[in-house]
Amino acid sequence: GAGVSQSPSNKVTEKGKDVELRCDPISGHTALYWYRQRLGQGLEFLIYFQGNSAPDKSGLPSDRFSAERTGESVSTLTIQRTQQEDSAVYLCASSSPRLYEQYFGPGTRLTVT
Amino acid sequence: AQSVTQLDSQVPVFEEAPVELRCNYSSSVSVYLFWYVQYPNQGLQLLLKYLSGSTLVKGINGFEAEFNKSQTSFHLRKPSVHISDTAEYFCAVSDTGTASKLTFGTGTRLQVTL
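Heads up: the protein sequence lines correspond to chains A and B, in order. Everything in the first sequence is counted per this note's numbering, starting at 749 for the first residue and increasing by one. Everything in the second sequence is counted per this note's numbering, starting at 444 for the first residue and increasing by one.
Hints were generated in silico from the structure; no laboratory data involved. Computed from a predicted model, the values in this text were never measured in an experiment. Idealized CB from N, CA, C, for every residue including glycine. Any given hint could turn out to be false.
[Said to hold, decoys possible] Partner residues aside, some chain A positions facing chain B, computed with beta carbon under 10 Å: (1) V752; (2) G790; (3) Q850.
[Stated by the list, open to error] A few chain B residues that don't get close to chain A, going by computed Cβ distances all over 12 Å: (4) N467; (5) S470; (6) L489; (7) K501; (8) D528; (9) A535; (10) T546; (11) G550.
[Claimed, not checked] Among the chain A residues that face chain B by a calculated CB cut under 8 Å, a handful are: (12) L787; (13) F793; (14) A802; (15) F813; (16) S814; (17) E816; (18) Y848; (19) E849; (20) P854.
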């Protein structure tokens, strides 16, 4: 596609429910990243996929967070038993390693009530 | 580990005035440096990047930044701002070894007024 796409754009969920966020990277980009942006704060790294290598999960805040990626395509970020502090915009980015430049999607705004 | 400091959370400036947004970083390894802009209700867009070579980097929309290794800084400048430059600006670093995750600063809100 022309850019990184994410769905849904907005998600409101009740505390304790599970949510799945989806990211479609730019075609041909081998690297995919998830970040979280809380209100009024910078972006926090969550997880990084590079080709078939083991993902870098060092930024996941708890074991309630997990992510999968199928080959070099779609990725899903799953948050189990959501808490109010999970409310944030979740951003996905992809890159071609040679360019060292990450292209960001529009984000998914998650609100946990 | 790396960290990025953007000391100014907000910078108000009049249209056509010059502006500098400050960014300092800390890292034990060599880094790549980036500035991203986030317009209201939009995603992040790359303004410019420093990978190697000339320490003065020019980006889109008339912005430029200078890498200063001794001061571990990468300040963003524009000689004359426009109303349309009103946005949130984020400085970020990644290590050169893997060019992987970005570490972001907390952002600077540039508010341009008439």
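Going down the list of hints, with the structure as the test:
1. V752: Hint on V752/A: holds, closest Cβ of chain B at ~8 Å, below 10 Å.
2. G790: holds (4 Å)
3. Q850: holds (6 Å)
4. N467: holds (14 Å)
5. S470: S470/B clear of chain A: closest Cβ-Cβ about 15 Å, beyond 12 Å.
6. L489: violated (6 Å)
7. K501: Holds: least Cβ distance 15 Å, greater than 12 Å.
8. D528: holds (19 Å)
9. A535: violated (8 Å)
10. T546: At about 7 Å from chain A, T546/B fails to clear the 12 Å cut-off, so the statement is violated.
11. G550: violated (5 Å)
12. L787: violated (11 Å)
13. F793: holds (4 Å)
14. A802: Violated, about 13 Å.
15. F813: violated (15 Å)
16. S814: Given a least distance of 17 Å, the restraint on S814/A is violated.
17. E816: E816/A check fails; min Cβ-Cβ to chain B is 18 Å, beyond 8 Å.
18. Y848: holds (5 Å)
19. E849: holds (6 Å)
20. P854: holds (5 Å)
In this structure, the earlier hints numbered 6, 9, 10, 11, 12, 14, 15, 16 and 17 are contradicted, and the remaining ones agree with it.
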